[in-house]
Structures are given as structure tokens and as C-alpha cells.
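Participant: So the chains spell out like this:
2 protein chains.
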Amino acid sequence: MARQTIRKYSSRDVAPELLNRLFSLAARTQTMGNLQLYSVIVTRSSEQKAALAPAHFNQPMVTQAPVVLTICADFRRTSVWARCRKAEPGYDNLLSFMNAATDALLFTQTFCDLAEAEGLGLCFLGTTIYQPQHIINVLQLPALTFPVATLTVGWPAERPPLTDRLPTDAFVHNETYHDPTPKDIDKFYELKESLPENLEFVRINNKETLAQIFTDIRYTRRDNEAMTQTLLEALRQQQFIR
Amino acid sequence: MARQTIRKYSSRDVAPELLNRLFSLAARTQTMGNLQLYSVIVTRSSEQKAALAPAHFNQPMVTQAPVVLTICADFRRTSVWARCRKAEPGYDNLLSFMNAATDALLFTQTFCDLAEAEGLGLCFLGTTIYQPQHIINVLQLPALTFPVATLTVGWPAERPPLTDRLPTDAFVHNETYHDPTPKDIDKFYELKESLPENLEFVRINNKETLAQIFTDIRYTRRDNEAMTQTLLEALRQQQFIR
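Chains as they are written, first to last, in the numbering used here: chain A, 1 to 242; chain B, 1001 to 1242.
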């Protein structure tokens, strides 16, 4: 109940042994056919952090965290294994990408749960799939790998307040999906819309509603459509689509 | 270190209060813009379990588990909220699907970690994205929702042996991706290829290598390409691609 995203880190290093233990434990997560369709790229060098930063809109965590982890969907290792064993892999398609992305994200989240339990602070960067080509170049990711998550990792140097969440009614459905009515929407979003910081957000952006902050500023149709094209091009270049 | 996939469950029910508490805790997982782009459909009725089963190749867990959870990428609720608030959502695109799928999978895995810590047994069904249209119909999933994970949930009635995992070297890369050499492959897969159950698998299937079990039987090019088409059609029908 107390977990929070941590964006500021102390200067204390994250020991490679600790990271390795957490990777090894996180790898107990279920995985498709026990193939472990993921890779983690560990970035510790200042040069590589600086090179990654633009792909994440230069958010300061990327250069300030002791460790940056880029987790990739990976059918490359499995395909190399197959070719070394007289087997012909057929994983250059979107279904295989989704299978590997699923494996990678499940592994990522167990890692997060374990790392946070250990006292580490994390920030999950959703920007990873916005400019994947840049990350692919910096980390030298070969065909049939694709970055799906980035974590900045360190020991917390802040304790931000808890953020709100929707009531479980908003996202739990019994037996079939129940489309929310306007009345449901009022109930689900009442707390979020009444928070002073959100009211202030709306005011300083000259918007009428909080939802407009998301549709008009943070996640616009224009950006989503442009980044969909970038995503498709990167998937093509990494040979997950043809 | 002791977690295992559980496919057999006792007749003991999973209390709705327990499930709800776990949903509420799992919802503390980081989420894009704090939008919580996921939904969970809880299936308890025998009729609905029987209706879902074919989408999961009739694996017996689906009808035998007390609870089946289908976790969906969901931009529907957020879009309805936007329309109720004079905001024009633009989430009918592949980037938005990936954002919502990411949110849904991270939420799913925290739920798994918490549920297993509570003593529950889970099986994650990767079949969810193989025949999504069937699941969409049974659960009446509207446009801008998409099933990305299924869990069968119950109290364990088995204690299967631990499965193997690759050494961390196989999936952890420092600074840049290091393509595995044939020698690396031998080292990474040595344990897996030497397990008696895997040797037996190769023998009874008249194959030369374990990798061929995956490429020729379990996850073939032909199936992957056919299911890529099914996936694309379902994404189109749910309005995430045009």
C-alpha cells in the first residue's frame, strides 16, 4: 500500500550482487514454454546514460540514477539457440513479439515488486516505446529484440506522497464487461477530479476538465498517431513485422 | 524461489473479499499517467468458464478453477470518462494498445506475486492472445478493450517440482547487447537440455534436439503466422488499428 515511484536517488551505489540476486529471483516468474523471452540491458556508464536520456525526453532520473535497466522482448537468443540445434525458428511476426513482450513485462514487474521490497526506489519509464529506435541504436539491440520497459533504479532520496487510485469497482467486472454509465464515471473519478493538485493542473493549463489535460496535452491523438508510426517502423526494422 | 505454476485446485472457494483486497493492492502498481489502463473480468459461473475454455484449447484448469480472471488492456473507460468531460480521446491506435497492454500486464504480475504470497495457486494462460475474438465475444468486451492475460486461480491441490531457469548470464547484458556465440548457447542451455524430462520429450516426439520441439511442434512458424493474422483482425475489430 505504501509503494511509490521514486525519481530521486542517493549517491549510494546498487551492488551488482544485489541486482543479480533480484534478476535471478524475478526469473522465477512464469514464462512462455519456459523460454524466458526477455533480456535486461544494465546501464551503469555515464556515457550510455547520457546517450539514452533523449529517448526518455531527458527526464533527469536517467542520468542521475546509479543504474538504468532496459528490459527487452527477446526472441533473438531463442532463435540463435534453435539455429545451433538444427531447428528453424519462425518468430519474425507480431504474435511472437507480443509473446516476448508479455514475458518481458511480467519479469519486469516481479523485479519491481522484489526490488521495492528490498528498499530500492524505482521509476518505470513509459517512454521506452515512444522512440524505440534511439534505444535500439544506443544498446545495439539486434533483430528479434525490442525494448519494452525502462527502470531507473537506486536508493530513495525522497518520500513522495501516495498517488490516488480508482476504486476497484472501476476496473473489476463480474462475468461480463459492464460499460460505465455517466453516473458510474462520476463516482469512479470523483476523488481524482477533486484532488487539489489536479484542480491546479486544470487551472494553470487553462482547461475546463482534468480529462482534457490527458486528451489535449499529455497523450494527444496527434502524438499517439505519430508514435504509432515510429513503433511500427521499429518493429519492422527489428523484424517482428514485415 | 519456490513459486510454481499450479494447475490443480482444491474445492475450497476463493473469497470475493480476498480477491478484492488483492486487486486493490495490485492497483498500487505504477500505471501510465495514473490512468489504470486495464480491467479485470472475474469469471465464476460454470457456463462462462465452459464458454471460455475453447479459447484456451480446453485446458482443464479453465473449468476446474474456482475463479478465472481475464485481464484486459482498457482504453474504453478512460475514453468514456473523456467524452463525459468535454474531452476528445484519441486512443484508437497501436501505441495506445501497447500502453494499455503494458499497464494490464504489470498489474497482472503484481496480482500474481501477491496472490502467490497469500498461498493461492495460479496458472497464467498464454493462449489469451491466440484466439482473442472468442474471449471478446464471451466476455462482451467493447471497442478499446483487449484481453492480454488469463489467470486460473484457486487453492493448490498439487505441489509440482520446480522448473529450470537459464543462468542470469543468458539474459543480462552489460551496457550493450552481446549476441550469444555457439559456445555461450552451449553453456546457457546445458542444464535445460540435460534434464531427463526434456530428453524424454525429444525421444517420444522423434526429434533430434529440444529446440526442434519448440520450432516444429509447440510454437511453429505456421501457427505463429496464422495467429498473427487473428490477432491483427481482433485488434482491428476492437478499434486499436484501422
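Treat the hints as calculated values from the structure; they're not laboratory data.
Check the hints yourself; a few may be wrong.
Stated by the list, open to error - Subject to a maximum C-alpha distance of 25 angstroms in a straight line, what follows is the list of computed DMTMM-like cross-link-like pairs (lysine to aspartate or glutamate):
#, chain 1, residue 1, chain 2, residue 2
1, B, Lys1086, A, Glu225
2, B, Lys1049, A, Glu175
3, B, Lys1049, A, Glu17
4, A, Lys207, A, Glu193
5, A, Lys207, B, Glu1233
6, A, Lys187, B, Glu1193
7, B, Lys1049, B, Glu1118
8, B, Lys1086, A, Glu193
9, A, Lys86, B, Glu1208
10, A, Lys86, B, Glu1175
11, A, Lys49, B, Asp1169
12, A, Lys207, B, Glu1208
13, A, Lys86, B, Glu1200
14, A, Lys49, A, Glu17
15, A, Lys86, B, Glu1017
16, A, Lys187, A, Glu200
17, A, Lys207, A, Glu175
18, A, Lys86, B, Asp1092
19, A, Lys86, B, Glu1118
20, A, Lys86, B, Glu1190
21, A, Lys49, A, Asp92
22, A, Lys86, B, Asp1184
23, B, Lys1049, A, Glu47
24, B, Lys1086, A, Asp179
25, B, Lys1207, B, Glu1193
Participant: Return the numbers of the hints above that this structure violates; sort them in rising order.
Facilitator: 3, 5, 6, 10, 12, 15, 17, 18, 19, 21 and 23
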